[in-house]
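Based on the provided sequences and hints, a complete structural model is requested.
If you're matching them up, the sequences are chains A and B in order.
Just so it is clear: in the first sequence, position 40 is 39 by my numbering, and no numbers are missing.
Just so it is clear: in the second sequence, position 139 is 138 by my numbering, and no numbers are missing.
Source of the hints: derived by calculation from the structure; they are not laboratory data.
Only true hints are included.
Any copy, or any two copies together, can satisfy a pair, since identical chains are not distinguished.
In the SDA-like style, the derived pairs of lysine to any residue whose C-alpha atoms are separated by at most 20 Å in a straight line are: (1) LYS42 - HIS3; (2) LYS42 - PRO6; (3) LYS42 - ALA5; (4) LYS42 - GLN7; (5) LYS42 - LEU13.
Since we're looking at a predicted model, the values are computed, not measured.
Protein chains: 2
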Amino acid sequence: MRDHAAPQGAQAALRAIRLLKLFAAETSELQLAEISVSAGLNKTTTHRLLQALHSEEMLERNPATGAYRLGSAMMALGVQALSGNELRLRARPMLRRLADETGETATLEVPVDDTMLILDEVTTKHFVGASGNVGTRWPIHATSTGKALIAFEQCGVQRLNSDLTALTAHTITRLDTLENQLSDIRRRGFAETVDELEDGFSGVGVAVRGGMGEVLGALSICGPTQRLSEARRTQLGATLCTVASRLQPRY
Amino acid sequence: MRDHAAPQGAQAALRAIRLLKLFAAETSELQLAEISVSAGLNKTTTHRLLQALHSEEMLERNPATGAYRLGSAMMALGVQALSGNELRLRARPMLRRLADETGETATLEVPVDDTMLILDEVTTKHFVGASGNVGTRWPIHATSTGKALIAFEQCGVQRLNSDLTALTAHTITRLDTLENQLSDIRRRGFAETVDELEDGFSGVGVAVRGGMGEVLGALSICGPTQRLSEARRTQLGATLCTVASRLQPRY
DNA sequence: AACACAATTTCATTATATGGAACTCTAATG
DNA sequence: CATTAGAGTTCCATATAATGAAATTGTGTT
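Structure below.
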């Protein structure tokens, strides 16, 4: 993506993929006309690409309304992507321990465009399985994980547009303000979010690397701002850095 | 797909999608050369399409080997597809009841090309959550769910090639033999597999429909052949037909 | 019946996709 | 060290496939 630009000569393929991504939003069903507008593509072209996606079961259609939604092939590939994700498997026991030791919520997240996708989450309230936020996505600029990621990822900042959406009164909405934080994050090794994603919600995040040092995602510990004082956040940051470095494979 | 042919004028998009589908198999990482061969595409073309998929994070690369694997965007879309799937949500309580009442394993499955993807599964051994087979795919021709599906789905048989892979000595390997079963399945309302997928494993499956009668997937009850006598399978078939019809939304 | 808007189809033009060939990179071998 | 093999990447001319304007069909509402 940002460190690998889209190639010349694959416009149609890219357009199809970008159509698919429209369905990653909360709205599960979309009609041709709205898709065409959202994608900024001619209706005929959109129609043709949707038919291609439909013919391969990446999208299916609601027969009552004709609207498109993600299909069974998408499910199969998604499940395969998740179950093949080594990081997720390796991180689970560590997440659980983090949640135990801190009494807060621990998450593993990976970047998707300008968001962070929660891959796994362990809270102290339920130790059983994935909890409610797995699969949700949150803006990079408002999350500790997102900030940690772009601080360490090559060309990470390029994931963001110049206008950052305000989620609370505390959200950083200027790219240059955010960029000013990055060297500090790099120095300390962790990033923070304080009432930026949601009022009363704070978190600490660190980047997670693969065996060759490449940034794969991020870990976080998060909870009510009330409980996450600055001193505590610093402590949690140090804990997370230790865990992240243990999570990195050695070659 | 089979009832909707691939359009003219979307060759590149289709090729990209078909490359993605190569990663649905068990092998999680693939290199350019093998992908090119598997896809039957020129290496340059393959490379370009892979770059497109990579730039959108549908695929990511192992930096040590350069090999491609499914990426974070695939995970996000897959999770979205699963969580948006109404059938899965509606079927869960029924699956649990089925497993309780029968003492066997109950599954919900949807078709992906010539396979059935297990979307949900409840066994009597663990009532807690998804068990080990969710996300796995099995050949349509050897599963009760697959047979039930193609019996009722428009142009369902077109999902299959003329040569059906033998998994056991009992697997049906001729398309015409399988086609001969379909009218019987339609008459009875359910389909069976007996030692066809795996020796000692049998199942009963029924098609599941949406509100306009369109075939969405299938339900099954399965277990050791020893326990699933013909008489019992008939009984289970009737039970499944009742459940399937309760599962169908009414408009 | 008329109207509005959704979806689908047609077809001429040309932009984009294609693939052969060359090049670069990396690892293994003599 | 030089050579070889095979992986990945880049270049570029050509023609194929993609594009989109316009027309047609389908559906629901008044």
